[in-house]
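J.: So you can see what is in the structure, the chains are spelled out below.
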Amino acid sequence: MYERLSIVTRSQERLEDITTRVNDVLRSHEVNEGICYLFVPHTTAGIMVNENADPHLATDFLEHMRALVPASEHFRHAEGNSHAHIKAALVGHSLVIPVEDGQLTLGRWQGVFLAEFDGPQERTVVISMQSTSPITREEPVTRAPRRR
Amino acid sequence: MYERLSIVTRSQERLEDITTRVNDVLRSHEVNEGICYLFVPHTTAGIMVNENADPHLATDFLEHMRALVPASEHFRHAEGNSHAHIKAALVGHSLVIPVEDGQLTLGRWQGVFLAEFDGPQERTVVISMQSTSPITREEPVTRAPRRR
Amino acid sequence: MYERLSIVTRSQERLEDITTRVNDVLRSHEVNEGICYLFVPHTTAGIMVNENADPHLATDFLEHMRALVPASEHFRHAEGNSHAHIKAALVGHSLVIPVEDGQLTLGRWQGVFLAEFDGPQERTVVISMQSTSPITREEPVTRAPRRR
Chain U
1 MYERLSIVTR SQERLEDITT RVNDVLRSHE VNEGICYLFV PHTTAGIMVN
51 ENADPHLATD FLEHMRALVP ASEHFRHAEG NSHAHIKAAL VGHSLVIPVE
101 DGQLTLGRWQ GVFLAEFDGP QERTVVISMQ STSPITREEP VTRAPRRR
Chain S
1 MYERLSIVTR SQERLEDITT RVNDVLRSHE VNEGICYLFV PHTTAGIMVN
51 ENADPHLATD FLEHMRALVP ASEHFRHAEG NSHAHIKAAL VGHSLVIPVE
101 DGQLTLGRWQ GVFLAEFDGP QERTVVISMQ STSPITREEP VTRAPRRR
Chain F
1 MYERLSIVTR SQERLEDITT RVNDVLRSHE VNEGICYLFV PHTTAGIMVN
51 ENADPHLATD FLEHMRALVP ASEHFRHAEG NSHAHIKAAL VGHSLVIPVE
101 DGQLTLGRWQ GVFLAEFDGP QERTVVISMQ STSPITREEP VTRAPRRR
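Residue numbers (our numbering), protein chains in the order written: chain U, 1 to 148; chain S, 1 to 148; chain F, 1 to 148.
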């Protein structure tokens, strides 16, 4: 099962919280228990987990990444966005999260974020899902025999 | 198949080796061949692979992370642990490792570590497993049809 | 389904593009739709996505990583390659990419790279594949019943 999320990022560097949208996709495919694979098919954006309660944390993260990989650095790549490629590589492009009770098994303070380093622009997240017990929550949950 | 490991980290910043415990979980579920998914549901801890032979490497890693993301930096997040969130995001929260012969396919010098950046405290690692040939090693291994 | 790629890296620090070789493995196993898991069983090499069009980007990345984690730093690990371990940990050891139409669902500018930080040497990438519709592209594509 595949789905592509389209995300319009709102500034040059930004963490866009996509947690609700990913959980909505799981619900629409009735994935109750399984694995959710998130992949970002871009070179200047990544995917990561961060706290979603205090927005200052996103600001702190992006500012510190700018300090670690300044855009002003002398890079060879002529387009002037080498820093965005490096930041995206450090954040990473794939994230795999187990699914239980129809939701990502995120911790209480966790959210899933598209990390934009060269926006604003329209981005895609490829969502793949594997369901290991595609029962809906309305059904009585009996102990199903494990198939694998 | 899911299991949650509970790990009591022993200092503020520390790499806790959980390799043996993860392999024990695989064994208890008789996962002989398949995939092991590790996910850390915390915002100030991550999961990573590192060498497990020389403990100096963990010290070098943690000290260098402190140099890259100093706690003393001026951050906005009021709790004073922004540095721990940034370090955890750089390390990452998910790790996926193939399983063969009932064990993680780790290299000779590799171990799996919970990376604690805001301890000491009790942490959780969510372990999901998919078995593609749930045969026990006692059975004669014939070429079983792949179930996927 | 497992396969091990052998990669001879060509310098001390280098991003080796393995995209074509991974897609060849998917084709040889007739994985048309599914998930591809890549794992590097080494402590001084990692796996990552980066742009594959402009080779300057690999140079920029490696040079900037050298600036962030200099080999000259005073580290405790006696072998003198602590910097390579730290770089590999930051890049990461596992990467999971969906497969569609018999290929990794990479973006237009993306390639998959083994990130060598302590070469040149022979390296391995463990490739695991899960096929969710193991049809070949020659067959007429009918809507197969989902098995999970």
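Treat the hints with care, since some could be wrong.
What the hints assert, rightly or not - One-sided and incomplete, this derived list gives chain U residues near chain F with beta-carbon spacing under 7 Å: (1) 8; (2) 9; (3) 126.
What the hints assert, rightly or not - Stretches of chain U that chain F covers, calculated by requiring three or more beta carbons in the stretch to come under 8 Å of a beta carbon on chain F: (4) 14-24; (5) 41-53; (6) 80-87; (7) 96-110.
To be verified - Pulled from the structure, derived: some chain U residues nowhere near chain S, Cβ distances all over 12 Å: (8) 10; (9) 56; (10) 92.
These aren't lab readings, by the way, just hints derived from the structure by calculation.
By construction, the Cβ of each residue, glycine as well, lies at the ideal position given by its N, Cα and C atoms.
J.: Next step is simple, just say for each hint if it's right about the structure.
T.: Hint-by-hint comparison with the structure:
Checking residue 8 of chain U against chain F by beta carbon gives a least distance of about 17 Å; that is not within 7 Å, so the hint is violated. Against a cut-off of 7 Å between C-beta atoms, the interface hint on residue 9 of chain U is violated, since the closest Cβ of chain F lies about 15 Å away. Interface hint at residue 126 of chain U: satisfied, since its Cβ lies 5 Å from the closest Cβ of chain F, which is below the 7 Å cut-off. Counting residues of the stretch 14-24 of chain U whose beta carbon lies closer than 8 Å to any beta carbon of chain F gives 0, which falls short of the minimum of three for the stated coverage.
Figure legend: the stretch 41-53 of chain U, annotated as covered by chain F; annotation consistent (3 residues with Cβ-Cβ distances under 8 Å, at least 3 required). Given as covered by chain F, the stretch 80-87 of chain U passes the check, having 3 residues with a CB less than 8 Å from a CB of that chain where 3 are the minimum. With a threshold of 8 Å between beta carbons, the proposed coverage of the stretch 96-110 of chain U by chain F is violated, since 1 of its residues qualify and at least three are required. Look at residue 10 of chain U: its CB is around 19 Å from the nearest CB on chain S, clear of 12 Å, so calling it non-interface holds up.
Interface exclusion of residue 56 of chain U from chain S breaks down, the closest Cβ pair being 4 Å apart, not more than 12 Å. Once the 12 Å rule is applied to beta carbons, residue 92 of chain U is inconsistent with being away from chain S; the minimum gap is 6 Å.
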